[in-house]
Amino acid sequence: MSALVVTDLHAGYGDARVLHGVSLSVGEGEVCAILGPNGAGKTTLLRALSGMVRTRGTVRLGDADLAGRSPDTIARQGVAHVPEGRGTFMPLTVEENLRLGAYVRPASRRARAEVDADLERIHGYFPVLKTRLRQAAGSLSGGEQQMLAIGRALMLRPRLLLLDEPSLGLAPLVTRELFRIVRTINEQERTTVVVVEQNAHLALGIAQQAHVLETGRIVLSGTAEQIRADEQVAQSYLGYRV
Amino acid sequence: MSDTAEVTRVDAPTRAGALRRVAAERWRWIVLAALFAAACYAPFQLVPFRVFQFTMVLVYAVALLGLNLLVGHAGQISLGHGAFFAVGAYGAAIMLDRFELPYPVTLPIAAAVAFVIGLALGLPAMRLRGLYLALVTLAMAIFLVPLLKRFEEVTGGSMGLTLPKPAPPAWTGLAEDQWLYFLALAVAVAAFLSAYSLMRSRVGRALHAIRDNEAAAETMGVRLSFYKTLAFAWSAMFAGAAGCVYTWVIGFVSPDSFAVTLSITLLAGLVVGGLGSLSGPLLGGLFVMFVPSISQDVNEAAPGVIFGLLIIAVMYVAPTGLAGLTGRAAHSIRKTLRKE
Amino acid sequence: MTGFLQQLVQGLGAGAIYASLALALVLIYQFTGIVNFAQGELAMFSTYLAWQFTAAGMPFWLALALTLAVSFAGGMLIERLVIRPVEGAPELTVVIVTVGLFIFVNAAAGWIWTFLIKDFPNPFPGGALEAGGLRVSYSTLGVLVVVGLVMGLLYLLFQHTRIGLGMRAVATNPDSARLVGIRVGWTLALGWGLAATVGAVSGVLVAPLLFLEPNMMGGVLIYAFAAATLGGFDSPVGAVVGGLIVGVAETLAGAYVGFIGSDLKVGVPLVIILGVLLLRPQGLFGRAAVERA
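Chains as they are written, first to last, in UniProt numbering: chain D, 1 to 242; chain H, 1 to 340; chain P, 1 to 293.
Chain D extracted, bound-state conformation:
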């Protein structure tokens, strides 16, 4: 059963067209990695999925068609996007950032109790955030801000989690830790994940399937093992020959 089905998706900025008919599907609870060189349209693909760029084509999440909807409507459908640059609300506190993630959840007494419980759960994944709750989010380190961004996304209880270059600007150790947590989250919460990543090695490590994007088109698709075994990909993105 596929959770996300994208068909013939086109997207761009003004006159510049970036995506030229991308189709893919991601199974319920799976992690899908999007690989490719700079400028291939990876970030634009995520932005198209969350409604931040104009699109043509269909994006089905369960029964809902998301294509052409506004970002806030798509978020209300349960899509959490951790954007490039992490989207931190810098002057707000860490706790406020996390609570904003649950902004669209109902405000009933029971729902609020659930939100508080989720906050606790996220502290479990990212203990460091708990010690910084009252601190301005802008004062966190890059790695902590990335954790905060993922935590904020989880506060939505998303059906689909979009991660844009979680490793960007982080030290290798921090990155590895982050991917370990993303895998845990995926396993424990059964959240469907689409991750865009320069570091193909790490991304393939947590993904069940992967697609290679070049100049706005998918040029190669397969299971993570198949992609890892592909000689060309190995040369281009993994940095070694098979």
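Example chain P residues on the side facing chain H (calculated, C-beta under 7 Å, incomplete):
1. VAL35
2. ILE103
3. ASN106
4. ALA107
5. GLY110
6. PRO269
7. ILE273
Keep in mind that the hints were calculated from the coordinates and are not lab data. In this text the structure is predicted, and so the values were computed from the model without any measurement. C-beta: ideal position from N, C-alpha, C; glycine also.
Place chains H and P on chain D using the hints.
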């Protein structure tokens, strides 16, 4: 503005495109010459009151030319250009009243004084974004009126100063209103020519670069604060010159003629006339003069309502104002003519 | 000494009014990066509405409540109709549109209510509270209480409600706010509505001290600009502190600097704006200016 629009519309940078641009340029000069001839002929055909009105159009056009340098070309906002207009007007009045200087001398001095004040005020304000300039200039325009009232012994206080108007030399055979008209026309032509050459110079290109993207202009080596301050001082100078001619023409100055309304009306006229174009100030001058005089019969507040709505409408649909619209119209006429 | 304290209190009273208009300016600036030059005129228009309601026989406080409600709706409507089309346009365009709004609202008030001055009822009793030789008029006291109340309510709204948190999120990072599901467009309209309401309070408070006429808020706007510049355009707390400082500075300068007197007091905000721009451009409480691309 219209130049750039034309350039982008030319399909390829071919010889034909270049020729077409030369032809457009030639057309522009022919139109200007015809306009000038009509302007010289008009005062002999119109009743004195109309001549006076057109004289005022020229006065406003000179002030708007200055404002256009700042707003249209350098992209900075002034909500207080009436203050520089007042500096020129009062400067001329005081020179005529207290020192009894011959009136031709008052023009360069009034312009120079406005330039220096513009420079002094522009230095602090220009170090920051255009927003703050708008605040400072608005505060300045509001402060000016009580200031003028305070220094009564020089400015005549609330009563203002009444002065004799320049008399036409006997050899011209002109009536007073016609003579004043030609004085204003001469100043206006000089102002247009100097603004034109200024915009064609290195300085003009630097200002355009600042308007289009401050950060990029700076990395290309444009000294931002220097050029912005200079643009501010120049625009003050034009406003001062216009104010001086205003005093010649009206023969009377009082603080309440230069309330903040004047500054805002000037900006409104420029926006409606067309930012960044050479004909915008002239069209704006027509607007500043005739919209109030025509619509005031309906209601005292009608000019404001019209100006307010027009400004907003212009910013939505035609940011280049009337000048842009006529430019576009002329362009499409030329195009249809060529096709036939 | 008592005389000085007397002036100080009077300055705080004036400053509270500037603070509320400055707060309105800051509210909009935070959300949209726009300085709304029409803010004073909107407040003036609201004040005319209040006058109209009381003239129709409504008790003052009911008229005020109705005015604030109408102002709120009007502010939202203006954002949707007038500002939305130029959202994201160059700063110059947006400023000119608010100046157009300034001219239009000013003239519209003149058209509806004429340019003749009107007496605006003072909601507070005459007389004064006396304590230790200090006389504080009930009018000044009332202004301070009302403005304090408005600040308190805003603080509660922003710090302790879900909508307030959403508004702060939009103010700091609109793109990211959209991604967590906040309807940014409505939030911006909400910001304009709030600003119009807070501005209306300043108009209603200042009208009994001046006379009600279409150009009433011109001077007040300049003081509010000085207050917002001094406090920092991105800081609501700064707007309040800035407003109080400007009010006190103006009153003291008018009372103790013989040359300034009452007529040249309007030069004080000009000096303050220039001084702040030269010495500390981001204001007392503002974050260092970051260029909005």
